[in-house]
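Participant: Residue numbers (this note's numbering), protein chains in the order written: chain S, 129 to 386; chain Y, 6 to 642; chain G, 3 to 220.
It should be emphasised that the hints constitute simulated quantities derived from the structure, not laboratory data.
C-beta atoms are modelled at their ideal positions from N, C-alpha and C, and glycine is treated no differently.
Take these hints with a grain of salt, some might be off.
[Said to hold, decoys possible] Under 10 Å between C-beta atoms, here's a sample of chain S residues computed to sit facing chain Y:
hint, residue
1, Ala220
2, Ser246
3, Lys275
4, Ser278
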Amino acid sequence: MKLTLKIWRQSGPDVAGSFLTYQANNVSEHMSFLEMLDVVNEELLELGQEPIAFDHDCREGICGMCSMVINGTAHGPRPATTVCQLHMRSFADGDTVVIEPWRAHAFPVIRDLVVDRSAFDRIIAAGGFITAPTGSAQDANGILIPKQDSDLAMDAAACIGCGACVAACPNGSAMLFTAAKVSHLALLPQGQPERDRRALAMVRQMDAEDFGGCTFFGECEAVCPKSISIQNIARMNGELIRATLHNRGLAASEAGVG
Amino acid sequence: MKLDAKMPGGPLEEKWDRHKADLKLVSPANKRKFHVIVVGSGLAGASAAASMAELGYQVSCFCFQDSPRRAHSIAAQGGINAAKNYPNDGDSVWRLFYDTIKGGDFRSREGNTYRLAQVSANIIDQCVAQGVPFAREYGGMLANRSFGGAQVSRTFYARGQTGQQLLIGAYQALERVIGTGAVKMYTRHEMLELVTVDGRARGIVARDLITGQMESFAGDAVVLATGGYGNVFFLSTNAKGCNVTAAYRAFKKGAGFANPCFTQIHPTCIPVSGDYQSKLTLMSESLRNDGRVWVPKAQGDQRAPGDIPDSERDYYLERKYPAFGNLSPRDIASRAAKEACDDGRGVGPGGRGVYLDFASAIARLGEPTIRERYGNLFEMYERITDENPYRRPMRIYPAVHYTMGGLWVDYNLMSNLPGLHVIGEANFSDHGANRLGASALMQGLADGYFILPYTIGNYLGGDKLPAVDTSHPAFREAEERATAQLTRLLAINGTRSVDSFHKELGHIMWEDCGMARDRAGLERALQRIPELRAEFWENVKVPGAAATLNQSLEKAGRVADFLEFGELLCRDALVREESCGGHFRTEYQTPDGEAERNDAEFAHVSVWESAGEGKPAVMHKEPLDFEFVHLATRSYK
Amino acid sequence: MNQVAALWQSTIGKKVAMALTGVIMILFLISHTISNDLIFVNPHHLDSYGAWLRSFGPLLWIARAGLLITVVVHIVAASQLTIRARNARPATYDKREYRVATYAARTMRWGGVLLAVFIVFHILHFTTGTFLPGWQEGKVGANVMLGFSSTPVAIFYVIAMLALGLHLSHGVWAAFQTLGINHPAYRGLRRGIAWTLAIVIAGGLATIPIAAMLGLLK
Ligand SMILES: Cc1cc2nc3c(=O)[nH]c(=O)nc-3n(C[C@H](O)[C@H](O)[C@H](O)COP(=O)(O)OP(=O)(O)OC[C@H]3O[C@@H](n4cnc5c(N)ncnc54)[C@H](O)[C@@H]3O)c2cc1C
Ligand code: HEM
Ligand code: HEM
Ligand code: SF4
Ligand code: F3S
Ligand code: FES
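Pulled out of the complex, with its shape left as it was, chain S reads as follows:
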């Protein structure tokens, strides 16, 4: 099948970008979306033009590297699917496909479709962990965890950190990503000791990164390749209120960190 591609090209972080139109003429419905772009890039190379830069690695929907907005939808039309797992059978011959990078103040474009998502790492570094220095652990079955709880935790832990939630949110909010981690750890007994400071610290970092707040548009949940539920956002809100009421303060508990 043949497609018309309208792709965002931007040669560097502080350079203005623009859309360029390309023709993809020999697309097979069995190709993955990224394989389609590979083919386009090979053609660009022949024409002596620079290939389109895009992030990707595992191409199995798990590393969270691939990131592009296709026709206004982060990760494209197929629900619960990353672009690398999206196949061309989701498009029709003759379609025009608009491809853009994640757009958010906190995710500056590096080149073409490649953006800087390091803000996510900083949110995790702020408190998205359980302090368990190597070697300090007791027997794994020492603390029993109800299957339901560990399943719920697993649902949240499935987040691949791709950033589609931010890209899709009209507020450019990172609530779903942050909430997924807060929930994952708050749901487990091992996560209890740091529960309050985690919520406080992660939310503080999230705000410091200039992400927007949550109006409950639900767009994030709709594009999330791992179907992380906005229930987690409500849970995080509860965690923050809880932490505030406990009134232990962040600075105080901060000392304990490291």
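Take the given structure of chain S and dock chains Y and G with the ligands to it, following the hints.
Facilitator: Chains Y and G with the ligands in isolation, oriented as in the chain S frame:
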């Protein structure tokens, strides 16, 4: 090249404890003074960097992705082994050790493999403490499943995302110490040179992939945790970025490369669908717990699987290997699939596929149970093939998956280059000639959490190192070499893309050095690879500049290394005139087509030493002596 | 205390403030609806209600002050979050399509502005009579009739009530989420409460100008 494994004496059970007692220690006050460079943030790298930082070392950690959490370990699906014996089905450290060394076809060191089994249990404890949500029973206990090459259930798993959850655990531990400043993380940085000063590894040169800047980093020890080289075959289950560059450039600096020809072909991957194919997708081995592998008995049977009655199906694994059946080890299952297809009984496009059928499991356990166990794998399969595996058996075919070979290391995980430590898939590790399922995650975390943090102290606590910083000429020189290569690549401006070369190399490797190898094929490959390499350096086209994000340039550098490394791999395969594990030489097989090992001549590690640019590498042998296990012929019948 | 300050500093904290002030306004509006609908029984009941209100004297002023603060806090938080969101998401997509965001959710901000305008007008209209020539202190029922005798004004009220209903249909549900009240078992119930409140309050109030236009008030 001196190859001293530094294997402690004494009974197998006591080696590690004795060794730990003998290791030199570094006092907490002094640890702060040592700077360790960790290249790689996968299970091995992240766990090592975090653990060493917790001990007090200054650590710098590098990865080429935009976040340490994206390392290829994230893709591991099936699970991680540990000799916990929770199911009480007779597992033990010894049994895990024995299964591993037998699975590896007796081509690994007893001492290392035993230690791996010993620390396996601590790994699960550590991960649970970090909040890794392993699957659990209703009673709240951890759940186990069985995996290839084992008759006990010792595999822990988190849905079909075990690697992801383990890596997220290690990543969180790493981010925690990044937060405290104990680790400095360099993402989107690619190591291009290892820097040695007076024969010791003292730093690296890495390229900032965003600015294109060449940067030098000096340290007291360098740890490579850069993963496997499966992508030398172009098509593999590895992530697109997986490469041999870091390891190969260390090899060029004098590090020994061990058993490069020990590569693993995974039996259950989704078959190739077209020549645009960019990678192959693994369907976790765990599927073989409940899936039955079969092909039609008749050649070229074009009927839909549903229309083929049981009597006309050949469940060849169950037939050939009654004891292990569908759970026979990977090398065996892969070869059996190849045989069936070569015999014209393959299914799907091109006849390059076999069925993995869940009908009977669904009948026995019901669809919900199967969905609970493999839901996300089934979805992935349907997404890619547009076929519903609940209704129609999966089509699978073997694909390159893992590389047992890697940089040579001693019992302390240090290479022959003092100061250069190698962990995870990047070292030649504990898996011999074939790795059992769920053992790589175990090894990566064993190395990173529980072995390297001890053994590196032995090096750092040893003889005093002279202070070295990046002003040392060795760094200039390394930077210049790295820059020169990029400039050269950009200057060629030929007509063929990097990928086209990579694909051609992959094709050669797969055809002549893949599942079944023979002298003729290997010699052909050894003829064609140098030719292809020569053409690459004359005719490759790398657009763009060196001073920006340039993905073609990154690929070009990696493929340049693969083009040299592929030759080394084939040479290793050629000189190992026996069949063992993943290395199957058709000349050496038993009458019934099983691998025929030659312990008399080949019970050794082949360690290759670079002889400098253009000159053929030299092979050294580290003999493998087996005091505690007797070298049985592997039988899964 | 500094904890509460810290909470207010955070995006989530501002949402919590909006939710709480929202709840206060809702409580006010419930009573406001009931009392206003007394007009259907007999316009003079409204007067006695007004008189009753005034009988509280200073207390009334305290309540009014509280109500004023509530609205101000709500608006301040709303404005800050809106500015923040605009800045967090400067560029929009060439082909932006909402998948699930409801109309109500997407109109929270403009709807809110409309409500703000309404409230100011409304007070100057009925409470102070500034915009209502012929307004008489204490003759609440009469004032309402008089006020709605102008169809444009009545229509403006109806529109405002539509905006209010929309605002509440999303707002009340959102408030549950913001306050972390999210037990999965009651997901449906929370939606239900939101719609009920929206319809009862906005509907209950809108009936008055509508009835007035249809000439049903006498
Ligand atoms: C699809 C798939 C499924 C698997 N499933 C299982 C399983 O179920 N059980 C199991 O036990 N094993 C499994 N494996 C094997 C296992 O995942 C890997 O062997 C293991 O994760 C390797 O971990 P690692 O830390 O050694 O390397 P990796 O996780 O590959 O990490 C390599 C790191 O090195 C960095 N790096 C590489 N080169 C450079 C460079 N030049 N400069 C800077 N940084 C560099 C990368 O950025 C990355 O951070 C699977 C493998 C695959 C491909
Ligand atoms: C059709 C709808 C409405 C009608 C008919 C109505 C009617 C009235 C009347 C008659 C008064 C004067 C009461 C008195 O002076 O004793 C009043 C006061 C007031 N109304 Fe409304 N109202 C309506 C909707 C609203 C809404 C939607 C809000 C808020 C969002 C609101 C907020 C107020 C406030 C704050 C006062 C002042 C109360 C005081 O301080 O005395 N009203 N309203
Ligand atoms: C005075 C003018 C008003 C303005 C400017 C306004 C504005 C807003 C805005 C912008 C939001 C969405 C905030 C966000 O999620 O980003 C909101 C939420 C809300 N508003 Fe209003 N509003 C006003 C009046 C009212 C009134 C009269 C009520 C109730 C009677 C109300 C109840 C709510 C509630 C309950 C929410 C949900 C808060 C949350 O999401 O937690 N608002 N308002
Ligand atoms: S929550 Fe979903 S969309 Fe957001 S980063 Fe995680 S996986 Fe991606
Ligand atoms: S889309 Fe945005 S507004 Fe909240 S629910 Fe999702 S983060
Ligand atoms: S490339 Fe890894 S998730 Fe898409």
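Participant: Going by Cβ atoms only, is lysine 275 of chain S closer than 10 Å to chain Y?
Facilitator: holds (5 Å)
Participant: Please check whether serine 278 of chain S passes as an interface residue: C-beta within 10 Å of a C-beta belonging to chain Y.
Facilitator: Because about 5 Å separates serine 278 of chain S from the closest Cβ in chain Y, which is inside the 10 Å limit, the hint holds.
Participant: May I ask you to test the interface hint for alanine 220 of chain S with respect to chain Y, counting a Cβ-Cβ separation under 10 Å as satisfied?
Facilitator: violated (15 Å)
Participant: Under 10 Å is the threshold here; is the Cβ of serine 246 of chain S close enough to any Cβ of chain Y for the hint to stand?
Facilitator: holds (7 Å)
Violated hint for the displayed structure: number 1, the only one.
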